[in-house]
Every structure is written in structure tokens, then in C-alpha cells.
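Asks: The listed protein sequences derive, respectively, from chains A and S. If you're matching positions, the first sequence starts at 1 in the numbering used here and goes up one per residue. If you're matching positions, the second sequence starts at 1 in the numbering used here and goes up one per residue.
By construction, these hints were calculated from the structure, which means they are not laboratory data. Wrong hints could be hidden among the right ones.
To be verified - According to the in silico footprint, chain S covers these stretches of chain A (three or more CB under 8 Å from chain S):
1) 150-162
2) 318-332
3) 351-357
4) 374-387
Unchecked claim - Here are the simulated DSS-like cross-link-like pairs (lysine-lysine), alpha carbons at most 25 Å apart as the crow flies:
5) LYS185/S <-> LYS161/S
6) LYS240/A <-> LYS185/S
7) LYS116/S <-> LYS233/A
8) LYS233/A <-> LYS161/S
9) LYS116/S <-> LYS276/A
10) LYS233/A <-> LYS276/A
11) LYS185/S <-> LYS254/S
For every residue, glycine included, the Cβ atom is placed at its ideal position computed from N, Cα and C.
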Amino acid sequence: MFGYYVELALRSLKRSRALTALMILAIALGIGACMTTLTVLHVLSGDPLPGRSGSLFYPQLDPRDMTDYEPGTDLPDQITWVDGMNLLHSRRADRQALMVGGQVATQTADQRTDPFFTQARYTTADFFPMFDTPFRYGHAWSATEDDARSRVAVISSELNDRLFNGQDSTGRTVRADGNDLRVIGVLRHWRPVPHFFDLNMGNYSGSEDIYVPLGTARDLHLARMGGISCWGKGSGEEDKMETAECTWLQFWVQLDSPAKATAYRDFLTHYAQEQKAAGRFQRPVSVRMLDLMGWMNDQQVVPGDVRLQAWLALGFFAVCLINTIGLMLAKFMRRSGELSVRRALGASRGSVFMQLLMEAGMVGAVGGLAGLFLAWLGLWLVRLQPAMYAQLAHLDVPMLCLTIALAIGATLLAGVLPAWRACHVAPALQLKSQ
Amino acid sequence: MLTDIFPILSALRRHRLTASLVVLEIALTCAIVCNAIFLISDRLGQLSLPSGIDEQNVVHIAVSDIGKFGDAHARTETDLAALREIPGVVSATILNSVPFGPLSWNSGIRLTATQKVSTVDSGNLYGEQAGETLGTRLVAGRYFNPDEYVWLDDVIAHRSKQPGVVVITQALAHRVFGDGSALGKSIYIGDATELRVVGVVEHLARAGMHDRNGIDFSTLIPLRETTATNGSFVIRTQPGQAGQVLTRAVEKLKEIEPRRVVVEQDTYGEIRAKHFAGDRAMAGMLVGVCVILLIVTALGIVGLASFWVGQRRRQIGVRRALGARRVDVLRYFQTENFLLASMGIVLGMVLAYGINLVLMREYELPRLPFVYLPVGAAVLWALGQVAVLAPALRAASVSPVVATRG
């Protein structure tokens with residue numbers, strides 16, 4: 001029966017080529033536009049650390065003075081050195097890391113090579129296990145090296161390829177701003193999207209190339225980068241950042257159960273109350289601790305234009321679908337005579353309905369394939385765009401399956417109404433009128 | 001033509017489903033296209049926001065030092081003296097940021113020392129002779145005297161007091177002081193430093209991403225910048241010499257200090273293009289979507305009209321046999337399409353306003369101007385008439401003899 005329907009559908013589609021082509025084109029354009037924009041949205045709003053993001057949290061405090069105070073104002077996006085160190089050393093979370101971004105001139109110990117600038121991250125040891133960074137060679141440093149402010153570094157596999165031709169470089173020396181650091185670990189390719197742990201570097205910026213213990217970086221005066229926000233006497237003078245009234249660091253914690261998260265929130269409130277009692281904090285006590293995806297949402301990481309484009313494409317797809325419904329209705333109704341003959345010869349209403357749906361489904365399948373091609377083309381166009389996220393726009397397997405499913409599903413849905421109308425034409429009346 | 005309307009309406013009533021599909025399609029298209037065109041004009045409007053500077057003749061060079069160097073002030077003087085000697089250079093300085101550049105310095109502006117909450121947020125531009133070098137247009141007062149400048153790094157390290165004078169933009173003056181003259185009045189920035197307004201410039205766009213209401217809120221503060229505090233070189237050249245001067249200046253800077261890295265070198269046009277690249281891409285995409293949407297809708301109308309013509313061949317034949325002229329048949333289909341389009345447009349306008357309300361809330365877009373309604377309507381009426389022409393002509397060519405057949 002299935003084969004017969006396919007044959008009937010093919011015959012019918014061939015009979016009115018222009019109309020068939022028009023339907024396929026409409027579906028393909030709608031699907032192409034939709035999948036292009038949805039893929040971009042899907043990539044950009046994805047979870048950077050699936051399975052792990054639920055237990056990562058970003059605590060926020062308000063250490064500012066009363067200038068510009070208004071009830072309900074947002075908390076600072078970052079944390080001061082003093083608070084960061086206090087929270088870090090209290091070790092109340094399963095893991096915790098204090099960090100900031102930077103940029104250093106990098107070269108090997110070989111003086112003849114030219115130094116070049118690379119993005120750096122100065123962080124405490126838990127960064128690596130907490131964010132589950134994959135290691136190619138060697139290992140991360142530990143809290144001991146943090147405290148000793150050891151001259152060590154972990155580098156990215158890209159930097160390792162560039163400096164050491166991809167060989168195991170652990171134990172060798174990398175020079176950052178003229179300071180010798182011993183490589184103790186090399187990461188595999190690691191680029192979380194978005195660059196969640198420090199949005200100041202750009203929401204979708206690439207990963208850093210060199211990781212140095214925070215204390216070491218401060219000792220060596222390695223150049224800091226990213227956002228900084230000061231109040232009162234804080235002026236952003238580099239040598240006084242440890243005591244300055246400025247927020248400039250990011251602090252992340254890992255809390256493995258909801259109970260621990262609640263306990264940590266209480267601890268934060270308690271800490272803020274203590275600081276206020278001691279006179280360091282002046283504003284009414286206010287703390288916040290969002291989880292990773294909550295923080296991404298709060299910071300509106302996904303560009304507004306990307307959402308706008310997705311809505312636009314959905315609207316476009318709706319027009320294409322209505323168009324297809326109309327055309328299919330025209331096509332099916334034109335064949336009332338033929339369908340009536342089949343009904344008169346004994347085909348049940350259900351089998352006529354199925355036959356028409358088969359036709360709709362085939363249009364959907366072909367339209368979906370063409371739409372897939374258009375989406376691929378569309379994503380190629382997106383990648384040519386100047387935005388930082390553009391290069392991330394690639395079709396993945398789930399989106400590929402979704403494309404085809406959406407195309408066939410939507411066209412079947414579009415076919416239901418016309419097919420229903422067509423198979424309810426009274427055969428006797430129709431045949432008589434001919 | 002009017003006499004046709006009632007028979008058409010009663011005919012449409014018998015094709016309610018198909019007719020409502022056409023109306024719905026036209027309505028959606030109308031709503032999307034109206035909003036898309038509005039978005040396009042909004043983006044294009046941003047592209048032409050004034051920077052307030054002599055864009056044609058300004059170039060920008062950012063350098064980064066590797067390792068630590070000695071006296072930043074002396075090095076700055078040496079660098080700038082060398083740059084000023086290059087033929088074609090009108091003026092050279094180091095600035096903390098450039099209009100529409102990526103790096104921005106901002107602060108809240110207050111009207112009294114004790115005011116708790118800032119009146120408005122503004123972008124701050126530091127650098128010796130910043131206004132003169134960029135070529136902003138002074139509309140009142142003066143720029144700074146040489147003795148009013150202090151070094152930025154000295155202020156950061158509390159070795160010098162903040163200067164007490166400021167030049168602001170017209171837009172900022174109007175926002176803060178209303179219609180009266182701003183000259184001689186004071187504003188407060190940061191930790192309660194009083195700044196007396198000594199000059200007002202026509203425009204000076206801020207760096208970084210800001211909405212169009214705040215883009216022209218800028219201040220010029222007499223602080224001398226160095227590359228050690230992240231400043232970058234800005235040079236104004238004689239007309240037409242930007243390219244050569246840029247190349248020569250980069251060479252010169254490398255000559256003076258080979259160990260520094262030139263991170264960016266661009267003409268101002270490139271900085272501006274980079275800032276608006278996203279808006280331009282978005283506008284281009286919207287234009288593309290509008291065009292394809294209109295084509296799809298037109299093709300849909302052609303398809304359905306053809307179907308109707310095919311279905312009504314006999315009735316057309318009967319009308320022709322009863323004395324209707326070809327042009328009457330043609331008019332019939334054109335009027336029918338006009339009616340459908342009109343219904344679609346009315347529905348579409350309501351929808352367009354609905355979408356606009358959502359966009360206003362989500363994207364801080366202004367209200368859809370009224371002028372878009374007649375324009376949108378005209379576009380869709382025209383589209384419908386063009387699309388229906390071929391099927392209508394085919395209908396008009398149906399011969400009266402059809403009535404007697406079958």
C-alpha cells in the first residue's frame with residue numbers, strides 16, 4: 001500500500017511541476033532561514049559545561065560605599081581582592097577559584113625568537129578540576145604552588161603547538177613578559193562557549209593560551225585585562241590593587257548539592273553582615289549567587305540581534321507554511337474529480353487521506369533537504385560576518401535531525417487541512433457535475 | 001468596478017478557507033515587512049551618527065610595551081615630538097579612547113558634591129589637546145590652556161590633584177543644564193572633584209556600545225595620557241595624507257623603541273566601520289529577508305489565483321457569453337485581489353503594531369512611525385496587483401464558447 005501511495009504521489013507531483021516546485025521552494029526557504037538562525041541561537045545559548053554547570057555558582061557581594069546608592073541596584077559583576085581572598089581561604093565550597101584575565105608577551109627561553117602577545121588567565125588552582133579542563137600533558141598546579149607563588153604555567157595546546165611544535169613541553173620554560181615560568185601542564189583544545197568564567201573578555205572570546213597562578217602573576221606584575229570598577233578612593237593604580245576599593249576579579253565556587261548551595265548562600269550573607277559590622281561594607285547587606293546558566297541569563301550573553309533574527313525567521317517560516325497550505329489546498333481541490341473516482345471505486349476516506357498526506361510528506365522531505373542545503377549556505381554566510389561568535393556557527397547532528405523532522409512535520413501539518421477538505425468532497429455530487 | 005464588489009464578496013464567502021489563507025499570508029508579510037523596514041532604517045540611522053571629529057584625516061595607532069620601561073613622561077614627549085615632525089602631520093597626541101572605539105572610560109556626572117545618585121553617565125576623553133587633534137567643533141568657550149594639564153598617571157597615584165576644568169558636548173550640556181549656557185557652571189565627577197565647564201563642543205561620540213540617546217554625552221578632561229596607562233596615539237593629518245602618515249608614523253615609533261609591538265593601526269574610517277559592522281550586517285540581512293518574503297508571498301498569490309481561474313473557467317465562460325467584456329473579467333480578478341489585500345493589510349497593520357510593541361519593550365526601539373502604514377499598504381497592494389496580473393489575463397482570455405462545452 002505504501003509503495004502505491006508513493007507512486008500516486010509522484011505522479012500527482014509530476015503533473016503540476018510548477019506548483020510542486022513552488023511548494024518545495026517555500027518550504028526550503030522557510031526551513032533554511034529558520035535553521036540558520038536557530039542553529040546560531042542554539043550554539044550561543046548552549047551550556048558551556050554540560051552536566052557540570054548546575055553545580056557551579058558565581059557569588060556576588062556589594063562592598064561599595066553609599067555614593068550612588070539606590071535600593072535595588074545591581075550588585076557588582078566582580079569581586080575585590082580582599083573579599084576574594086577571604087572567601088577563597090575560608091574553603092567553604094567543594095571547590096573555589098579566584099581569577100582575572102591578562103595579556104602577556106610570550107616567547108620561549110630562546111632569546112632569538114620574537115615575543116608575541118597572548119591572552120592569559122591568572123587563577124588559583126581549583127580552576128582546572130572545577131571546570132574540568134582536559135589535559136594533554138602534565139597536570140595542573142595545586143594550592144601549595146598558589147601559596148608559594150611558584151613560577152609555573154599551564155599552556156593551551158595551541159600555544160604548545162606554536163612554541164614547542166606540539167611536543168610534550170612539561171618541564172620546559174616559557175617566558176611571560178620576560179619572566180621564566182616552568183610549564184607543568186598542557187591542555188587539550190578547550191573552548192567553552194560562551195567564555196562564561198569571565199565575560200569581560202568578550203562573551204564568546206576564545207580561551208586563554210597561558211594560565212599562571214594568581215599570586216605569581218601579581219608578584220611578577222603581569223599585565224591585567226578586563227573590567228574594573230572602583231569607588232571611594234579606589235583609583236585602579238596597579239601596585240595597590242590588593243587593597244584598592246575596586247572590584248576586578250571573578251570568583252567561582254563548586255557546590256555539589258542543593259543543600260550545600262543553600263548553606264553557602266547563608267555563609268555569604270553571614271560574611272557580608274560581618275564585613276558590615278566591621279565597617280568595611282556600608283550598604284545594606286545584599287548577596288546573590290546565581291548558577292552558571294543563571295549568570296549567563298542575567299548577563300544577557302546571547303546578543304539581542306540573534307534572538308531577533310530567530311523570531312524573524314520563525315515569522316518568515318509561518319508565511320511560507322501558510323503559502324504551502326494554500327497551494328496544497330488548491331492542488332488537492334483541483335483533483336476532486338480523480339479523488340471522487342477513487343472513492344466511488346471503493347477507496348475508503350482514510351486511504352484517500354493517507355494518500356494525500358503522503359504527497360504532502362514527500363514535498364516536506366524534499367523541501368527539508370533543500371532547506372538543509374540553504375541552512376548550510378546560510379551558516380556559511382553567518383561565518384563571514386564580523387561578530388566574535390560568527391565562527392562558532394556550525395550545524396551539529398541534533399540540529400540536522402531537527403531540520404529534517406521540522407520540515408516533514410510542518411509540511412504534514414500543512415497537508416492535514418487540505419487533505420481533510422479534499423477527502424470530504426461528496427463523490428456522487430462531484431462525479432455528477434462532470 | 002464598485003458594482004463587482006458584492007458578487008466578489010459572495011464568491012469569496014464560498015471559498016472562505018482559501019481566501020482567509022491569502023489574507024493571513026498578506027497580513028503576516030505586511031507586519032513583518034513593516035517592522036523589518038523600520039529596523040533597517042533604525043540601523044542605517046545609527047550608521048550615520050556623527051562622531052563630531054574630522055573623520056577623513058584622523059589615524060590611530062595602539063602600541064603595547066613588552067617589559068617595563070623607564071620614565072613614561074619623557075618617553076611620551078619623545079614619541080610625540082618625533083610624530084609631529086613627520087610631514088603631513090597637523091597634530092599628534094595620546095588619547096585614552098577614540099569616538100566609537102572599543103575602549104571606553106565612563107563616569108557618573110553629578111551637579112553637587114553631595115548628590116547621591118548621578119544625573120547622567122558620560123564618556124571621558126583624556127589627552128593633551130584632544131579636541132584640537134580630533135578636530136571637534138568648539139561652539140562656546142575655549143579648549144584648555146597648557147598649564148591646566150596634569151599627567152593621568154600622577155592623578156591615579158595621587159601625586160597630582162585632578163584638574164578643575166572640563167569641556168563638554170552640547171548634548172551633555174543640554175541634558176545637565178537645560179537650555180541655558182553651560183559655561184562657568186560646574187559638574188562633579190568621581191570622588192567629588194569640581195569641574196568648571198570652560199568650553200562646549202558640537203558633537204563628540206563616546207567609545208564603547210551605547211544607545212543613541214547617550215552616545216553624544218562626552219567630556220574632555222585636561223589629563224595627559226601615556227601608553228603605559230593604555231593610551232594610544234591619535235594623529236590628525238593634512239587632507240588626503242592619512243595613509244602615508246600612518247605608515248610613516250608606525251615606522252617612526254618602531255624606530256624609537258624596537259621592543260614595542262604595534263597592536264592596532266587604522267584610519268578613523270576603519271574604526272568607525274568596525275564599530276558599526278554588526279549593524280550593517282543586520283540591516284543587510286533584513287533587506288534580504290524582506291525581498292525573499294515579498295517574492296514568496298507574490299508567488300503564493302500567483303498560485304492561488306491560477307487555481308481559482310482554473311476552477312472558474314466555466315463560470316467565466318458563462319459571464320463572457322452573457323456579454324461581459326474581457327476587461328470586465330480582468331477587473332473582476334483585480335478587484336478580488338484588491339479586496340483580499342486590503343483585508344490582509346488591515347489585519348497586518350494591527351499585527352505590525354503588536355510586534356512593534358514587543359520590540360519596543362525588548363529592544364528599546366522607538367514606536368513605529370505612522371508613515372509606515374500607508375507605505376506598507378501601497379507596497380502590498382502593488383505586490384498583489386502585479387502577482388494577480390498573469391492569472392487575471394489568462395482568465396480574461398477564456399473564450400465564451402467554454403460555456404457551451406462540458
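Asks: Against this structure, judge whether each hint is valid.
Replies: Do the hints match the structure? See the list:
For the region 150-162 of chain A, the stated coverage by chain S is not satisfied: 0 residues place a CB nearer than 8 Å to a CB of that chain, which falls below the threshold of 3. Against chain S, the region 318-332 of chain A contributes 11 residues with a C-beta closer than 8 Å to a partner C-beta. That satisfies the three-residue criterion, and the hint holds. Check result for the region 351-357 of chain A against chain S: violated, 0 residues qualifying (beta carbon to beta carbon below 8 Å, three or more required). Counting residues of the region 374-387 of chain A whose CB falls under 8 Å from any CB of chain S gives 3; the rule of at least 3 is met.
Annotation: proposed proximity of LYS185/S to LYS161/S holds, straight-line Cα distance about 20 Å (limit 25 Å). Restraint check for LYS240/A and LYS185/S: not satisfied, since their Cα atoms lie roughly 34 Å apart, outside the 25 Å limit. Restraint check: the Cα-Cα separation between LYS116/S and LYS233/A comes to about 16 Å, which is no more than 25 Å; the hinted pair holds. Restraint check for LYS233/A and LYS161/S: satisfied, since their Cα atoms lie roughly 13 Å apart, inside the 25 Å limit.
Proximity of LYS116/S to LYS276/A is assessed by CA-CA distance (about 20 Å); at most 25 Å being required, the pair is judged to hold. Using a Cα cut-off of 25 Å, the hinted pair LYS233/A and LYS276/A holds, with the two alpha carbons roughly 18 Å apart. Of the supplied pair hints, the one linking LYS185/S and LYS254/S is violated, its CA atoms being roughly 44 Å apart against a limit of 25 Å.
Against the hints set out earlier in the document, violations occur for numbers 1, 3, 6, 11.
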